[in-house]
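Student: So you can see what is in the structure, the chains are spelled out below.
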Amino acid sequence: MKEINMREMKVNQSGIVSAVKVSGELGRRIRDMGLLPGTEIKIQGRAPLYDPVALRLMGFTLTLRNSEADYIDVKVED
Amino acid sequence: MTATIALAGNPNSGKTTLFNALTGARQHVGNYPGVTVEKKQGSFVENGTRINIVDLPGTYSLTAYSLEEVVARDFLVKEKPAAVINIVDASNLERNLYLTLQFMELGVPLCVALNMVDVAESRGVKINIEKLGQMLDLPVLPTVARSGQGKKELIEAASHLIIGRKKPEPLLISYGEDIDNTLAEMVKRIEAGNFLTTTYPARWIALKYLENDQQILELGRETNAGLSQDLEKMAAWLADHFSKTLDTDPEAVIADHRYGYIKSILKQDVIKRNVRQDRLYLSDKIDRVVTNRFAGPLIMLAVIYGLYHFTFTYSEVPVGWVESLFGLLGGMAETHLPDGLFKSMIIAGVIDGVGGVLGFVPLIMFMFLGISLLEDSGYLARVAFMLDRVFRIFGLHGSSVMPFIVSGGIAGGCAVPGVMAARTLKSPKERLATLLTAPFMNCGAKLPVFALLVAAFFAEHEARIMLLITLTSWVGALLAAKLLRSTIIRGESTPFVMELPPYRFPTFRGLLIHTWERTWQYIKKAGTVILGISILLWAMMTFPGLPENQMAGFENQRQAILAASPATVVSEIESAGEETALSAEAEAVQDKLFAVDALESEDALRHSLAGRLGTSLEGISSLAGFDWRTNIALVGGFAAKEVVVSTLGTAYSLGEVDPEETGSLSERLAASPAWSPLTALSLIIFTIFYAPCFVAVVCIAREAGSWKWGVFSMVFNTTLAFGLAATVYQVGSMLNLMGG
Ligand SMILES: Nc1nc2c(ncn2[C@@H]2O[C@H](COP(=O)(O)OP(=O)(O)OP(=O)(O)O)[C@@H](O)[C@H]2O)c(=O)[nH]1
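So the protein lines, in turn, are chains U and D. Heads up: the first sequence begins at 2 in the numbering used here, then just goes up one per residue. Heads up: the second sequence begins at 2 in the numbering used here, then just goes up one per residue.
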């Protein structure tokens, strides 16, 4: 297991959120959608210009800009 | 007896569908007071009780960050509905319950509609409904909103809540020792001070202080500044403690515990999955293609073009009907009313005005039908996803593309439905910037103006110039958006954190209801204002009329022409109907008479308020190369852009010029010493950017929620347009380009 930034994840890679390092509105939105430490996620795809990113968690699909994904650390398999 | 039930839930949980199933067509759409969030209401009678249903905006949470969430929670605490139906998407239970918990913490009388049970089942998710109800201590009713299944039982459950009239105890979730201790301390102070407790539960207020909720903080400071300060200090202390010991903040810990609470419920055999949670559904497989790096943009272009084609091609027929109907009415007024001011007002003010209002209706209907189809099917969210990277550069949102396209991003659109299409945008700043810049696109009414000028001065390069005009408007609109977003609508972009809902087949009924609601709103709200302005513009171009002696002068000229003609010709002209073919001699006399009429119209126009305005502006407008004739035409263009052409015709004493047939006018302009290709270029630029027509202005004001923005768009656009046109004209003159 190693910890990487969500932006560095590849399509179809999965992992477990380890930290969300942002507060305020953005932090709130991210957490309200269930992106919390311990949540399993899988990168579903990226927009044609590589940004935003679409990920799967708890059975639904969420999109985030890369600049927003930057605040999220994920534990992935080596 | 009457009672109110509120419908609340996550976006895409099927709220609107359930609302339609409950109320049928008996619904009413308005806005919440003072904000642009839509409020849908409907009613039905159940066991002798009239039940009002209010559809709250769809939200994921109840923070103070978005208008939707504030509106939803204000409604719950201030209007105190007798029952709240929380619609929960069964195929997405965990995240949906997050909002349910917050309703429970607020202590509202709640029952849960477990919707989309059909979808959950097909995904291999089995929910033990009884158990879920026990764990939450709430009535939970399975529904399929699409087919209306379960709605009877749901209404019964809600009726029980209404009859029971028992206000439930707010749910107390444990947030861990640190937070719980602080909360207990705060609750003591809040209760002792009766601090906001008539409206909110004490622990909820304390939680909001920990969550740093701006709305509640402000309210608290107004109510009891001292106590509020103490509470803020306690919250600050806890935040500090968390950041030092755990490198986190209370908000994060609170969210963590809420989800923990949900997980602990779901673990008790509430939910059973036959398949892995991350397996690919049909929807994901579609997305593999539809948002693919190469296929995605191509499909998107095709869909956008399809929407455009659908809106503007298929609406042509009904638009034609409306036009001929009003043409007919105009014709009737023409023959049956006595000549004079009243007739002129009825025809040019009222009939053309109402016709103008209703002429947009088919466009608006087709546009909303198309957009609703894309929205309900889930495709619009993919468009936003794919285009966000581009539009974000200019401070806009991926969803801004639809308003731009409909407004004329593909030349020939219309800003009125375009501005309305901005409703799909949920981010307030991005939405405002979109509203204000979409009218720069080349709507169908600007095209005759361009066509006239291009035919007169750039006939050899027609296709190239038209393409350039389209590019100029796109570049201009995007840069103007950037300018607005870095000045008066400055601010961080709204987080993109957004759900990509699964693809679904929209229901025909849903589409129709949606389309009709929006169209009716336009007719009712915008229609009256538009009619008023239309009459005002007519008055500006008519009053004051020519003085008696000048009118008499023109009459004398006409009499002189008739007197000089043989008596047979005169009687032929007098007895001829409109369609009668005249002899060559009579035709020649008739043309002379028309020439006098045209001169009189020119003088009358110049003499009118609009004419005086145009003349007095000549001093400034000459900077951009416009004389008084152009100025008046541009004033007229505020009614509708194609009026620029017909007014120019009057000003050049050609009589009314049909925007579709501008041959004589373009020859006239080409020959006029006052015009050069440079003047034409300057006018083209001005026409792209200057104030939207007033119908669009009315719609902008409505959509932005304030007249301020309607006025702003007129002033800002005209200033920008004039700046650009004058720059082009001055620089061009200096370089002596194009024979200018
Ligand atoms: N299969 C199935 N589809 C449903 C059900 N309820 C709603 N839908 C579909 O789900 C989609 C979204 O429903 P809406 O009613 O628009 O959802 P909403 O919660 O109002 O969403 P917003 O308008 O975004 O707030 C539509 O295509 C509906 O036809 C259901 O019980 N089963």
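Take the hints with a grain of salt, since some may be wrong.
Listed next, with one range per pair, are the computed distances between beta-carbon atoms [said to hold, decoys possible]:
| id | chain 1 | residue 1 | chain 2 | residue 2 | range |
| --- | --- | --- | --- | --- | --- |
| 1 | D | Y315 | U | M2 | 33 to 41 angstroms |
| 2 | U | M2 | D | A185 | 34 to 42 angstroms |
| 3 | D | I287 | U | M2 | 50 to 58 angstroms |
| 4 | U | M2 | D | L469 | 38 to 46 angstroms |
| 5 | U | M2 | D | A303 | 38 to 46 angstroms |
| 6 | D | F506 | U | M2 | 52 to 60 angstroms |
| 7 | U | M2 | D | A193 | 47 to 55 angstroms |
| 8 | U | M2 | D | E186 | 53 to 61 angstroms |
| 9 | D | N182 | U | M2 | 54 to 62 angstroms |
| 10 | D | E178 | U | M2 | 27 to 35 angstroms |
| 11 | U | M2 | D | G177 | 32 to 40 angstroms |
Derived pair list, reagent style SDA-like, types lysine to any residue, alpha-carbon separation capped at 25 angstroms [claimed, not checked]:
| id | chain 1 | residue 1 | chain 2 | residue 2 |
| --- | --- | --- | --- | --- |
| 12 | D | K593 | D | E335 |
| 13 | U | K22 | D | L513 |
| 14 | D | K273 | U | K22 |
| 15 | D | K286 | U | V12 |
| 16 | D | K286 | U | T40 |
| 17 | U | K22 | D | R393 |
| 18 | D | K40 | D | E335 |
| 19 | D | K427 | D | L302 |
| 20 | U | K11 | D | R390 |
| 21 | U | K11 | D | R289 |
| 22 | D | K709 | D | S494 |
| 23 | D | K483 | U | K11 |
| 24 | D | K427 | D | E335 |
| 25 | D | K273 | U | K11 |
| 26 | U | K22 | D | T3 |
| 27 | U | K22 | D | K79 |
| 28 | D | K273 | D | Y504 |
| 29 | D | K234 | U | V77 |
| 30 | U | K22 | D | W517 |
| 31 | D | K427 | U | G25 |
| 32 | U | K22 | D | L614 |
| 33 | D | K153 | D | T3 |
| 34 | D | K40 | D | S487 |
| 35 | U | K22 | D | S428 |
| 36 | D | K40 | D | L513 |
| 37 | U | K22 | D | E493 |
| 38 | D | K79 | D | A4 |
| 39 | D | K264 | U | K11 |
| 40 | D | K167 | D | D138 |
In short, the hints are calculated from the structure, not lab data. The beta-carbon is built from N, C-alpha and C at its ideal position, and this holds for glycine as well.
Student: Against the 25 angstroms threshold, does the CA-CA distance of K11/U and R289/D hold or violate the hint?
Tutor: 15 angstroms, holds
Student: Going straight from one Cα to the other, do K22/U and T3/D come out at no more than 25 angstroms?
Tutor: 49 angstroms, violated
Student: Has the given pair, K40/D with S487/D, been kept, meaning a C-alpha gap of at most 25 angstroms?
Tutor: Violated. K40/D to S487/D sits at ~31 angstroms, over the 25 angstroms cutoff.
Student: For the range 53 to 61 angstroms, tell me whether the beta carbons of M2/U and E186/D fit it or not.
Tutor: Given a distance of about 40 angstroms, which is not inside 53 to 61 angstroms, the answer is violated.
Student: Starting from the hint 33 to 41 angstroms, judge whether the C-beta atoms of Y315/D and M2/U obey it.
Tutor: Taking Cβ atoms as reference, Y315/D and M2/U lie about 57 angstroms apart, which means the hint is violated.
Student: Is K273/D within 25 angstroms of Y504/D, Cα to Cα?
Tutor: Holds, at roughly 24 angstroms.
Student: Between K22/U and R393/D, is the straight-line Cα distance small enough, at 25 angstroms or below?
Tutor: 23 angstroms, holds
Student: That 47 to 55 angstroms hint for M2/U and A193/D (C-beta), does it hold up?
Tutor: 50 angstroms, holds
Student: Under the criterion that the straight-line Cα-Cα distance not exceed 25 angstroms, is the pair K427/D, E335/D satisfied?
Tutor: 48 angstroms, violated
Student: Tell me if the beta carbons of I287/D and M2/U are separated by a distance inside 50 to 58 angstroms.
Tutor: 33 angstroms, violated
Student: Keeping to a limit of 25 angstroms between CA atoms, is the pair of K22/U and L513/D held or broken?
Tutor: Outside the cut-off at roughly 45 angstroms; violated.
Student: Are the Cα positions of K593/D and E335/D separated by 25 angstroms at most?
Tutor: 23 angstroms, holds
Of the numbered hints listed earlier, those contradicted by the structure are 1, 3, 4, 6, 8, 9, 11, 13, 14, 18, 23, 24, 25, 26, 27, 29, 30, 32, 34, 39.
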